[in-house]
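Spelled out, the chains give:
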Amino acid sequence: MPLWPYLALSGLLFTLGLVGLLIRRNAVGAVMAFGLMINASLLNLAAFTRQHGDGRGEAVAFLVLLVAAAEMVVGLILAIALFRNQKTADLDELDRLKW
Amino acid sequence: MEIAIFVLLACVCALTGILTVVCRKPMHSSLYLAANSLSVGLLCILLSAPFLALAQIFVCVAGIALLSAVVVVVLNLEDEPRKGTFRTLSGGATGCIVLGALGYFLWHWWGASREPAPDVGTPFGELVFGEFLLPVELTAFLLLVALLGSVLLTRREGEKRTASAGRSGL
Numbered sequence: 001m002p003l004w005p006y007l008a009l010s011g012l013l014f015t016l017g018l019v020g021l022l023i024r025r026n027a028v029g030a031v032m033a034f035g036l037m038i039n040a041s042l043l044n045l046a047a048f049t050r051q052h053g054d055g056r057g058e059a060v061a062f063l064v065l066l067v068a069a070a071e072m073v074v075g076l077i078l079a080i081a082l083f084r085n086q087k088t089a090d091l092d093e094l095d096r097l098k099w
Numbered sequence: 001m002e003i004a005i006f007v008l009l010a011c012v013c014a015l016t017g018i019l020t021v022v023c024r025k026p027m028h029s030s031l032y033l034a035a036n037s038l039s040v041g042l043l044c045i046l047l048s049a050p051f052l053a054l055a056q057i058f059v060c061v062a063g064i065a066l067l068s069a070v071v072v073v074v075l076n077l078e079d080e081p082r083k084g085t086f087r088t089l090s091g092g093a094t095g096c097i098v099l100g101a102l103g104y105f106l107w108h109w110w111g112a113s114r115e116p117a118p119d120v121g122t123p124f125g126e127l128v129f130g131e132f133l134l135p136v137e138l139t140a141f142l143l144l145v146a147l148l149g150s151v152l153l154t155r156r157e158g159e160k161r162t163a164s165a166g167r168s169g170l
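Protein chains in written order, with the numbering used here: chain A, 1 to 99; chain B, 1 to 170.
Do not rely on the hints blindly, as some may be mistaken.
What the hints assert, rightly or not - Just so you have them, the derived chain B footprint on chain A, three or more residues with Cβ under 8 Å:
1. 4-17
2. 28-35
3. 80-89
As the list claims (entries may be wrong) - Here are the computed distance ranges between Cβ atoms for each label pair:
4. Arg156(B) - Met1(A): 17 to 27 Å
5. Arg84(A) - Leu134(B): 33 to 43 Å
6. Leu91(A) - Val7(B): 32 to 42 Å
7. Leu66(B) - Val64(A): 17 to 27 Å
8. Glu93(A) - Thr88(B): 16 to 26 Å
9. Lys87(A) - Glu126(B): 49 to 59 Å
10. Arg84(A) - Val22(B): 27 to 37 Å
11. Arg156(B) - Asp95(A): 22 to 32 Å
To be verified - Only some residues are given here: those of chain A computed to face chain B with a beta carbon under 8 Å:
12. Leu42
13. Arg56
14. Ala61
15. Leu65
16. Ala70
17. Met72
18. Leu94
In short, the hints are calculated from the structure, not lab data.
Backbone N, C-alpha and C define an ideal beta-carbon position, used for all residues, glycine too.
Please construct the entire structure, taking both the sequences and the accompanying hints into account.
Rendered as structure tokens:
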């Protein structure tokens, strides 16, 4: 099977994650949209690994997955801390660092 | 057969991705994200990357998506209010531009389909514990820092005061 369907699907997923990151007002929802972008990048790396027939891509994808998972966990914890301090998880309400 | 499985998984992946973004209930969104991660993991199996698929299912489905669901329950998040028209329009326009650019790049740069190369790589375990040992160790250190940071961020004010008083001997 050729590579382009996987790349197209990963591009679609990445775009969906980007749109979600832009339009979601909830901090947890934004983190979940970021998760979609991580899934897209993982699919992309796996597809190129198969295309080039080299296991190094899989190792890099594994490391990327771990680092991205750590980022998402910290994002969720930040959402919890935010909710405790501001009593809301709405990103539009956060203007303390604006000016 | 492979194409049929790919089409099925791709449909599930795209549908759950759309629902993750569109759905207003955060709990439903997290469950759709879990389904999306699961379908990406199955696609990795289709791409002959079983270890990556297993890691994806364990880390993203069992870890991240369920952690998101727990956070939604703990914070008792309400349904997200309807987005403003400008926000929806700007997000949709950005998505169209990015999708168009990616499609153009894929169409013109990649061109006709190329067949995958035969697998000549070294085994995954040898790579991770040989050539990639330093990045793996650095990633482990990063995960430790993330763990400590998460614990520090989630401590309440009272616990911080108790800890600082204990350190100063009061």
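Against the structure, the hints:
no.	hint	verdict
1	4-17	holds (count 13)
2	28-35	holds (count 6)
3	80-89	holds (count 5)
4	Arg156(B) - Met1(A): 17 to 27 Å	53 Å, violated
5	Arg84(A) - Leu134(B): 33 to 43 Å	38 Å, holds
6	Leu91(A) - Val7(B): 32 to 42 Å	36 Å, holds
7	Leu66(B) - Val64(A): 17 to 27 Å	21 Å, holds
8	Glu93(A) - Thr88(B): 16 to 26 Å	19 Å, holds
9	Lys87(A) - Glu126(B): 49 to 59 Å	52 Å, holds
10	Arg84(A) - Val22(B): 27 to 37 Å	28 Å, holds
11	Arg156(B) - Asp95(A): 22 to 32 Å	24 Å, holds
12	Leu42	6 Å, holds
13	Arg56	6 Å, holds
14	Ala61	6 Å, holds
15	Leu65	6 Å, holds
16	Ala70	4 Å, holds
17	Met72	5 Å, holds
18	Leu94	15 Å, violated
The structure does not agree with the numbered hints 4, 18 stated previously, though it agrees with the rest.
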